[in-house]
Amino acid sequence: MSKSDYLENAVLDAVLNNTALQVTTPYVSLHTADPGEDASGAECSGGSYARQAGSFGAASGGSCANDAEISFDFTGYGAQVTVTHFGIWDASTAGNLLYKGALTASKTVDPGDTVRFATGQLTVTED
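All residue numbers for the sequence shown refer to the working numbering, where the first residue is 16 and numbers rise by one.
For the record, the hints were derived by calculation from the structure and aren't laboratory data.
Honestly, I wouldn't trust all of these hints.
Claimed, not checked - As a list, the in silico EDC-like pairs of lysine to aspartate or glutamate whose alpha-carbon atoms are at most 20 Å apart:
{"#": "1", "residue 1": "Lys18", "residue 2": "Asp142"}
{"#": "2", "residue 1": "Lys122", "residue 2": "Asp88"}
{"#": "3", "residue 1": "Lys122", "residue 2": "Glu84"}
{"#": "4", "residue 1": "Lys122", "residue 2": "Asp20"}
{"#": "5", "residue 1": "Lys18", "residue 2": "Glu141"}
{"#": "6", "residue 1": "Lys18", "residue 2": "Asp105"}
{"#": "7", "residue 1": "Lys122", "residue 2": "Asp142"}
{"#": "8", "residue 1": "Lys18", "residue 2": "Asp53"}
{"#": "9", "residue 1": "Lys18", "residue 2": "Glu58"}
{"#": "10", "residue 1": "Lys122", "residue 2": "Glu58"}
{"#": "11", "residue 1": "Lys18", "residue 2": "Asp28"}
{"#": "12", "residue 1": "Lys18", "residue 2": "Glu52"}
Please build the complete structure, drawing on both the sequences and the hints.
So, in structure tokens, the structure goes:
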């Protein structure tokens with residue numbers, strides 16, 4: 016898991032330059048390749064797929080995890096796809112990538128499937 020270039024700069028500005036950093040709702044995305052720290056890579060698109068609002072518990076020990084299930088609907092998706100990465104964004108469309116990471120194992124998704132992160136399965140960790 017790593018921060019995006021955007022979030023690295025936003026955290027520095029918030030801590031050192033008294034610039035506000037607030038994400039009202041974090042949105043989780045799925046990707047077919049590493050989205051990169053510049054957010055340029057391969058987010059799923061098509062059919063019913065959309066970024067999903069994520070709810071995360073309070074940070075403890077340098078990490079926090081989703082405190083409710085996050086699910087993605089692939090109804091109407093055009094073809095089978097292999098999902099390898101996720102992203103966390105500050106908007107449901109466009110916006111700024113905040114975090115990105117590789118899935119523990121890639122997931123082959125068929126049209127009509129639902130992909131789920133169970134409660135506690137998606138963890139963001141800071142060192």
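Hints, verified against the model:
1. Lys18 with Asp142: Holds: Lys18 and Asp142 sit about 11 Å apart, inside 20 Å.
2. Lys122 with Asp88: 14 Å, holds
3. Lys122 with Glu84: 17 Å, holds
4. Lys122 with Asp20: Not OK: Lys122 and Asp20 at ~26 Å, beyond 20 Å, violated.
5. Lys18 with Glu141: 9 Å, holds
6. Lys18 with Asp105: Holds, at roughly 13 Å.
7. Lys122 with Asp142: 27 Å, violated
8. Lys18 with Asp53: Status holds; Cα separation ~10 Å.
9. Lys18 with Glu58: 17 Å, holds
10. Lys122 with Glu58: With a Cα-Cα distance of about 14 Å, the restraint between Lys122 and Glu58 holds, given a limit of 20 Å.
11. Lys18 with Asp28: 15 Å, holds
12. Lys18 with Glu52: 7 Å, holds
Going down the numbered hints, you'll see the structure goes against 4 and 7, while the others check out.
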